[in-house]
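Trainee: Given chain P, work out where chains B and G should sit, using these hints.
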Amino acid sequence: MTPLLQVRDLAKFYGARRGCEDVGFDLWPGEVMGIVGESGSGKSTLLSCLAGHLLPDRGEVIFDTQLHGPRDTLSMSEPERRMLMRTDWAFVHQHARDGLRMGVSAGGNVGERLMAVGARHYGDIREQAVDWLGRVEIAADRVDDKPWAFSGGMQQRLQIARNLVTGPRLVFMDEPTGGLDVSVQARLLDLMRGLVREMGLSAIIVTHDLAVVRLLADRLMVMKDGRVVEQGLTDQVLDDPQHGYTQLLVSSVLQV
Amino acid sequence: MYVAVKGGERAIDNAHAWLAEERRGDRAVAELSVAQIREQLSLAVNRVMAEGSLYDPDLAALAIKQARGDLIEAIFLIRAYRTTLPRFGVSHPVKTSAMRCDRRISATFKDAPGGQVLGPTFDYTHRLLDFKLAAEGEVAEAPEAAPQPGQTPHIMGYLNREGLIKEEVPDEATPPDLTREPMELPATRALRLQALTRGDEGFILSLAYSTQRGYARNHAFVGELRIGAVAVEIDIPELGFTIEFGEVVLTECETVNQFKGSKTELPQFTRGYGLVFGQTERKAIAMALVDRALRWKELGEEDQGAPAQDEEFVLMHADNIQATGFLEHIKLPHYVDFQSELELVRKLRREAEGCAGQEVAE
Amino acid sequence: MSDYNFAYLDEQTKRMIRRAILKALAIPGYQVPFASREMPMPYGWGTGGVQVSAACLTPGDTFKVIDQGADDTTNAISIRKFFEKTAGIATTEETAQASLIQTRHRIPEAALSEDQILVYQVPIPEPLRFLEPSEVETRKMHSLEEYGLMHVKLYEDISQHGAIATAYAYPVKVEGRYVMDPSPIPKFDNPKLSMAAIQLFGAGREQRIYALPPHTRVVSLDFEDHPFEPSKADHDCDLCGASDSYLDEVIVDDAGGRMFVCSDTDYCRSRRAANHVGAQGAPYEDARA
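Protein chains in written order, with this note's numbering: chain P, 27 to 282; chain B, 933 to 1294; chain G, 2 to 290.
Same shape as in the complex, but just chain P (with noise of 0.2 Å):
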């Protein structure tokens, strides 16, 4: 089996200071995997060189694309990544307002990525806008609302439906839970566990939040300071942290 994505000696630097560097890792088929460490460590940095957002100094970022098998994102012509991002990639940013149409209605914002990719039937497209609304826990006679009259956690599932319609083979996300109330998270979460497990997702989730990982993600990565200092599968991380880092991140969940 190829993995579906292949990290290889990446490094982004803001002149003289280091977002993040020495990162490697393969993500295989229906994998989750979560990267944790505090504000500044790098890993929203890593998150968004990945996808595509933000051009690293250094290495390569390997999509087993479904036409022509492994190819380097990095070095791939501007149309035929934003053909993946469109496609075979999605992603779901902290702040729904980033992610979504604000002035669209859910049924358009789900809609959108179908067009995007050829969808010309007004019909079809609004079924599948209701089928993903519900899966997401948003009532049908909501199609044709605004996203600005929903609440924060509404918008988050909208964004994560307009995202997840096409079915896409690798998911980022980027604190998706940040902001949200507790009780409005722990829903969020539930859902997404769901869906994780239903459509067979692979996914790279950012969080500071451990509860995210413990509850999403096969396997973990943890960074300080711009470099990865421990990485395994989630359990084994969160139960026996080797790293001196990750015991203090751990414990200091422990004690909330």
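Since the hints were derived computationally from the structure, they do not count as laboratory data.
Be aware that one or more of the hints could be misleading.
Ranges between beta-carbon positions, derived for each pair [claimed, not checked]:
no., chain 1, residue 1, chain 2, residue 2, range
1, B, R942, P, G149, 53 to 59 Å
2, P, Q92, G, Q161, 47 to 53 Å
3, G, K141, B, V1277, 30 to 36 Å
4, G, D245, B, V1277, 19 to 25 Å
5, B, V1180, G, T63, 45 to 51 Å
Pairs of lysine to aspartate or glutamate residues, derived as EDC-like cross-links and limited to a Cα-Cα distance of at most 20 Å, are as follows [said to hold, decoys possible]:
no., chain 1, residue 1, chain 2, residue 2
6, B, K1229, B, E1243
7, G, K15, B, D1109
8, G, K141, B, E1243
9, B, K1027, B, E1099
10, G, K154, P, E153
11, B, K1027, B, E1176
12, B, K1279, G, E138
13, G, K193, B, D1269
14, B, K1229, G, E230
15, B, K1229, G, E138
One-sided excerpt, in silico: chain B residues whose CB lies under 8 Å from chain G [what the hints assert, rightly or not]:
no., residue
16, P1108
17, R1112
18, E1244
19, F1258
20, E1283
Note that the Cβ used here is the ideal one computed from N, Cα and C, for glycine as well.
Mentor: Using the frame of chain P, we list chains B and G on its own:
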């Protein structure tokens, strides 16, 4: 019995004749001469030259007369005329350091070589209507002093010597010409400055004001404002040397803005720049502020989403000839588009009423 | 006006515009930037069309100008006079006689032939402009063929109104590649965009020229289950009785009484000359005689 409206051609001719009569006004009142406008409404003439991008006080005065004092209309006349003029050559960049200054002030230093020269300014006039002017009395002659010998150095030069202000590296490349090439974005600073100097004074003023009120505030001081005449020089290939073929009056403003610095770079002031034809000091200061706001990316500043930082927004909307043309075109006939909307609205209403009727029936 | 060059613009400028036109013809539907000149008429009043016409006109041409389909609207008259003065060319109101037709907001009803050129005046050339205000971004969307957003707009129309609520400037896809704004013609005219004549689109203020070569495939955007529908007022022309032409609605009395007449004045005139009479029409008298 319906007869379609005809006779548009005669209507146009008659409208033009009436317009000419209105422009002349009451024939019992003496007609304005172009020279009177040039001499006595010189700030209007300056604005028309600046935004018309053509330095010719007589033509600008004529345009103001023809436009009945509507300055945007006058600028339009000048622009349309300018397009048809052949180009004989390109001048050297003017040397504002060699400007014969009528006015030169700095807000950053109490005194500097060359001194503070107020010049002919409204600044400290009390804005009281002067009814003596209505009586058409002659004005007394202003006292004169001997011109200062030598050149007036730029204030910025003194900050530069200490490395206190960010160095602007001269670019030897020929700048693009806004009037001969389509605007392509993102624009270079040279292109931005061209667009700003001929941009609408009101628009640039309001944008500059918005930066002062916090929409991308950049803490500007007027480092130096100078107004005066500079020589325009051109190479004559046939002769093999440079000649001075005339002079133009310019207003130049350099602002000293909020300093920048980082762990690797020492703190330094930055600058904004304004250069405009004629005595047009409000425009030059405003231009410098907007120039500085548009430089946020190059200077590593945050995009605050402020209008004055948005290059495309500023450059695409600064030109009053483009703006007024497009604004006023909505008074042209739109029967056809309106008819198509009318039919659509009627159709949608019919369908909506049809549905409502059904629901009631059910 | 004898001080000015033939058709007002200098030859250098005309060459620059012709180069843009050739490029536009080579890439149908692609918006070519050009260094639009300041014309002696306001931006938004046909400066793009006038520059394209000036670059195409030769002394042997016969020129026709219509605005809203009519030869006698004030702006059409003004542009026709401009070229009569600056180019001294022959002008006509008869569609079939014209070698070059400049239009605002309509395509003539009579089919055009391969030896004719139709020049459109365009206010906003960018079909994506009201979905995405940034020029930098829309140019990227065109180059990467990212047109999903255009259909989102149509989707929103149907979900709100039950139908696509675009009545004019209805977007089209050219030869399966570029999405193009056909200028603010009513969607009734869209099917005519695939025609034998050369079609040139000039946007002066926005500095863009684009084109449709003869017989280009032009498809109006729609959904399979909400197909594109050209539409017009559900009437016949009250003057000539035509049932197939686009109609202007005219208010004829203080009680708000209406009548419907052909927007294409030459089409209406030629039908009446051939003895067609509408419900409120009178027998034809040749006004030019």
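Trainee: Would the pair B:K1229 and B:E1243 pass a check requiring their Cα atoms to be no farther apart than 20 Å?
Mentor: Roughly 10 Å between the alpha carbons, so the hint for B:K1229 and B:E1243 holds.
Trainee: Are P:Q92 and G:Q161 spaced within 47 to 53 Å by their CB atoms?
Mentor: 36 Å, violated
Trainee: Need the status of pair G:K154, P:E153: alpha-carbon distance at most 20 Å?
Mentor: It holds: about 18 Å lies between the C-alpha atoms, which stays within 20 Å.
Trainee: Given the hinted pair G:K193 and B:D1269, is their alpha-carbon gap at most 20 Å?
Mentor: Distance ~17 Å between G:K193 and B:D1269 Cα, so the pair holds.
Trainee: Hint B:R1112 vs chain G: min CB-CB distance below 8 Å?
Mentor: With a minimum Cβ separation of about 5 Å from chain G (threshold 8 Å), the hint on B:R1112 holds.
Trainee: Does B:P1108 hold up as a contact with chain G if the rule is Cβ-Cβ below 8 Å?
Mentor: Since chain G brings no Cβ nearer than about 10 Å to B:P1108, farther than 8 Å, the hint is violated.
Trainee: Please check whether B:F1258 passes as an interface residue: C-beta within 8 Å of a C-beta belonging to chain G.
Mentor: 4 Å, holds
Trainee: Can you confirm whether the C-alpha distance between G:K141 and B:E1243 stays at or below 20 Å?
Mentor: Within the cut-off at roughly 17 Å; holds.
Trainee: Do the beta carbons of G:K141 and B:V1277 sit within 30 to 36 Å of each other?
Mentor: 35 Å, holds
Trainee: Tell me if the beta carbons of G:D245 and B:V1277 are separated by a distance inside 19 to 25 Å.
Mentor: 23 Å, holds
Trainee: Does 53 to 59 Å hold as the CB distance between B:R942 and P:G149, or does it fail?
Mentor: For B:R942 and P:G149 the Cβ distance comes to about 56 Å; the hint holds.
Trainee: Does the CB of B:E1283 sit less than 8 Å away from some CB of chain G?
Mentor: At about 6 Å, which falls below the 8 Å cut-off, the nearest Cβ of chain G leaves the hint on B:E1283 intact, so it holds.
Checked against the numbered hints given earlier, the structure breaks hints 2, 12, 14 and 16 and satisfies all the rest.
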